[in-house]
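Asker: Listed below are the residues making up each chain.
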Amino acid sequence: MTFLAQALMLLAGLAVVMLTLTLLLIGRFYERSAGRRSGYQLFLLPAGLLALAGVFAASDQTGRAGSALWLLGGGSLMLLCFSLYRQMTKRSR
Amino acid sequence: MIFAEDRTGKRSFPVRSSECSLPCQKRMTTLLGMGESLGLVGVAAMLMILGLLSRRLGAVLKLPSAYRWAYAGSVLVSLAALADLVRVAAIAEESSFPAWVTASGFLLGFVYLPLSMGLLAGLVVVWRYWRWLLTRSDH
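Keeping their order, the protein sequence lines are chains A and B.
The numbering of the first sequence is this note's numbering, which starts it at -13 and goes up by one.
The numbering of the second sequence is this note's numbering, which starts it at -5 and goes up by one.
There could be a bad hint or two in this list.
Claimed, not checked - If we take Cβ atoms under 7 Å as the criterion, some of the chain B residues that face chain A in the derived model are: (1) Gly29; (2) Glu30; (3) Gly116.
Unchecked claim - Derived lysine to any residue pairs resembling SDA-like cross-links, with alpha carbons at most 20 Å apart: (4) Lys56(B) <-> Trp126(B); (5) Lys20(B) <-> Ala51(A); (6) Lys76(A) <-> Val54(B); (7) Lys20(B) <-> Arg50(A); (8) Lys76(A) <-> Ala53(B).
Stated by the list, open to error - Where chain B lies over chain A, by a calculated footprint (3+ residues, C-beta under 8 Å): (9) -6 to 5; (10) 9 to 21.
Just so you know, these hints were derived from the structure itself, not from any lab.
Being a predicted model, the structure only gives us computed values, none of them experimental.
In this text, a Cβ means the ideal position worked out from N, Cα and C, and glycines have one as well.
Hey, can you work out the whole structure from these sequences and the hints?
Answerer: Quick look at the structure:
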């Protein structure tokens, strides 16, 4: 049971990182094609934090460091996603 | 600086504030556990945004509406966040919740499994709508 939980958590961390990097690529494509700043480089921060959180959660189930990393990574990811979506759907004047 | 008295109660000596008592440690663990649930809410929001962007791209390119998988993934991850919050509350207030909420089976079945399935749904949407970004040459 513990092995399965750890494997699922590690895979979840990997999937979150892949999805975050996809958003980074979407932001980069938008910046290059529309010529407006999207701040796509900032997506590296939640990607790194969530990758570490996945590793921590898989290695130590009760670790506080893993919880703090999930909080920081998830919070920053949410802010960046909303910011990117608003930027991309904003009508140009 | 916090001071503590020795056994005789006469002499006081400084104690590092990071040395937390047991209830304080439990409170901190509970707060961080709730923070973990909030982090999962952030992941659910990411899937929702990914679904919205995929819907716009699909409308332009006339792709089949597979973006709904991202919405379903977002709902699954939100459910995992809620279950995680309930588990953290149950660990903090053991008397108010049934024992099975704190069991490892609950964590696996109601948190890790929906989280993994939701993220898998997000990866399917990424593959169907955005895989051209991976192979696209910018130069």
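Asker: Look at each hint and say if it fits the structure.
Answerer: To see whether the hints hold, each was checked on the structure:
The closest approach between the C-beta of Gly29(B) and any C-beta of chain A is roughly 3 Å, which is under the 7 Å cut-off, so the hint is satisfied. Because the beta carbon of Glu30(B) sits about 4 Å from the nearest beta carbon in chain A, less than 7 Å, this interface hint is met. Checking Gly116(B) against chain A: minimum C-beta separation of about 5 Å stays under 7 Å; hint holds. A C-alpha spacing of about 15 Å is found between Lys56(B) and Trp126(B), which places the hinted pair at or below 20 Å, so the restraint holds.
Distance hint between Lys20(B) and Ala51(A) is fulfilled; the C-alpha atoms sit about 15 Å from each other, no more than 20 Å. For the suggested pair Lys76(A) and Val54(B), the alpha carbons sit about 17 Å apart, so the restraint of at most 20 Å is met. For the proposed pair Lys20(B) and Arg50(A), the alpha carbon gap of about 11 Å is at most 20 Å, so the pair holds. At roughly 17 Å between alpha-carbon atoms, Lys76(A) and Ala53(B) fall within 20 Å of each other, so this suggested pair holds.
With a threshold of 8 Å between beta carbons, the proposed coverage of the region -6 to 5 of chain A by chain B holds, since 8 of its residues qualify and at least three are required. Note: the region 9 to 21 of chain A has 5 residues with beta-carbon separation from chain B under 8 Å; the three-residue rule is met and the coverage holds.
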